[in-house]
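Fit chain D to the known structure of chain V by using the hints.
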Amino acid sequence: MANKLILSFIPYAEIQKMESSQRVKKILDIILTGKIVILQGKLEAIEESGLIQATMALVGRIKGFRGVELAVINPESEQALFEKIKMGIAKVLAGNRYALTIIGPASIVKEIKRDPKKIELMLKN
Amino acid sequence: MVIRIIKNFFSRIFLDIFRRRKDFSLGFYGPPNAGKTSLANKLCKDWTGEEIGKVSKIPHETRNIQFKEKVEIEYKGKKLTLKLIDTPGIATKIDYEDFMKHGLGKKESQTRAKEATHGVIDAIKWLDDVDAVVVVVDATQNPYSQVNITIVGNLLARKIPVLIVGNKIDLRKADIKRIEAAFPEYDVVGISVKFGKNMEEFYESLFSLAKKV
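Here the protein sequences line up with chains V and D, keeping their order.
Letter 17 of the first sequence, counting from 1, is numbered 16 in numbering that gives the first Met the number 0, and no numbers are missing.
Letter 194 of the second sequence, counting from 1, is numbered 193 in numbering that gives the first Met the number 0, and no numbers are missing.
Here chain V stands alone, though its shape is the one from the complex (with noise of 0.2 Å):
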C-alpha cells in the first residue's frame, strides 16, 4: 500500500485573533495527528521558541514524537528598501501573512532545507 502524506492548510485569517499560547497549541494538535502543517504567515519570534518550548516538553512523553522540523520562507528578506517600506504598510494593514511557514513532525520529515527562496523537504522513508 501506498505511503500518505497529508498537508494541512492553515490560512492565516485562522489564527489572526488567536493569543499565542492557542497558536502553538493549534499547531501542534494538528502535528501530532502526523500531518504537515502549512500556516499562511508567521508566528511571532517569542511564539516560535514557545512552540520549540512546548515541543520539547512533549518529547518523551508522547510515543514516537520526537520534534519538529519547520521552515519559515520570508519574501521580506530579499526585497530591496523600497519593497520593504511598501511591505510594512501593507503588514500594518493586511497582517503578517506574506510569509509561508511549514512544520512537520521530525518522525516524517527528516530535514527542510532552507534557502531564501525555496523549501526542500527530505521525508523519511
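For the record, the hints were derived by calculation from the structure and aren't laboratory data.
Everything numeric in this text was worked out from a predicted model, so none of it was measured.
Positions of the beta carbon are idealized from the N, C-alpha and C atoms, including for glycine.
Each hint should be verified, as a subset may be incorrect.
Distance condition first, Cα-Cα at most 16 Å in a straight line; then the derived EDC-like pairs of lysine to aspartate or glutamate [to be verified]:
(1) V/K62 - D/E96
(2) D/K158 - V/E43
(3) D/K193 - D/E50
(4) V/K123 - D/E96
(5) V/K123 - D/D94
(6) V/K123 - D/D97
With the Cβ distance kept under 8 Å, some of the chain D side facing chain V (calculated, not the full set) [unchecked claim]:
(7) K113
(8) S144
(9) T149
(10) G152
(11) I159
(12) V161
Chain D only, in chain V's frame:
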C-alpha cells in the same frame, strides 16, 4: 597613611570610570555542536585558568545551564568583567536513536534525550536573563536553519545585543560569507576555537558588543 588610603580609593574610582569597565552577563547560544562550550571554555581558560564545562562530539553534551562568574578580560588596555552563561544547544527535535548511532546504549541515550529536552527549555527561559549574546554557529553548516533564525529573532524582539560567531573556519567547507549574507544586520566573526584562529577579531567584536549593553 590615611591620606594614601583616600588617594588610592579615589584613583581606583577614577580609573574604573575612565577605563569604562563594564560588568554584564554574556550568554552563549546556538544549535548543538556548534562550539558554544568550546568557545566559553577558551575564554574561561584564557582569563581564569579554569574551564566551564565538558565538550564532546556527541550532540547535546551540555544539557544544563553552566556559569562562570567574574571572568575578567583585559584586552588592549580595556577591561570587561563578564558572567558567562553557557547554554544547551537549541533544537526542534531530539531523537534518542541518534545518540545510539554515536555508540551510547539505549537507556543512556533515552536519559540523554530527556535531559536534552529540558536543556532546550531552560536555554530559552534564560533568554530573559542575559545582557548580551554570542550566537555560535557552525560555519560549515547552512546558516538559514530555522533554529538560528528563531534565536536571532528572539534576541531582536528582546532588544539584546548580538554577536554572531561562525566557528570551525579551519574546515574546508566553512563559509563565513554565507553567514554574513544570512544576517546582514549583525556583526559576524569567523573563528576556529580548536586552533585559536582569529581570536583577536573576536575580542575586538566582544568589546564592541559591550558598548551596546
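Verification of the hints:
1. Pair hint V/K62 plus D/E96 holds up; C-alpha atoms about 14 Å apart against a cutoff of 16 Å.
2. A threshold of 16 Å between alpha carbons decides the hint, and for D/K158 with V/E43 the separation of about 14 Å falls inside it, so the pair holds.
3. Between the alpha carbons of D/K193 and D/E50 the distance comes to roughly 14 Å, so the proposed pair stays at or under 16 Å and holds.
4. Taking the CA atoms of V/K123 and D/E96, the gap is about 14 Å. The hint holds against a cut of 16 Å.
5. Distance hint between V/K123 and D/D94 is fulfilled; the C-alpha atoms sit about 14 Å from each other, no more than 16 Å.
6. With a C-alpha separation of about 14 Å, the suggested pair V/K123 and D/D97 falls inside the 16 Å cut-off, and the hint holds.
7. Annotation: interface hint on D/K113 holds; nearest CB of chain V at approximately 5 Å, less than 8 Å.
8. The beta carbon of D/S144 comes within 7 Å of a beta carbon in chain V, closer than 8 Å, and the hint placing it at the interface holds.
9. With its C-beta approaching chain V no nearer than about 5 Å, D/T149 sits inside the 8 Å limit, and its interface hint holds.
10. Proximity of D/G152 to chain V holds as hinted, the smallest CB-CB distance being about 3 Å (cut-off 8 Å).
11. At its closest, the beta carbon of D/I159 sits 12 Å from a beta carbon of chain V; the interface hint therefore is violated under the 8 Å criterion.
12. Look at D/V161: its Cβ only gets to about 13 Å from chain V, farther than 8 Å, so that hint breaks.
Violated hints for the displayed structure, listed by number in ascending order: 11 and 12.
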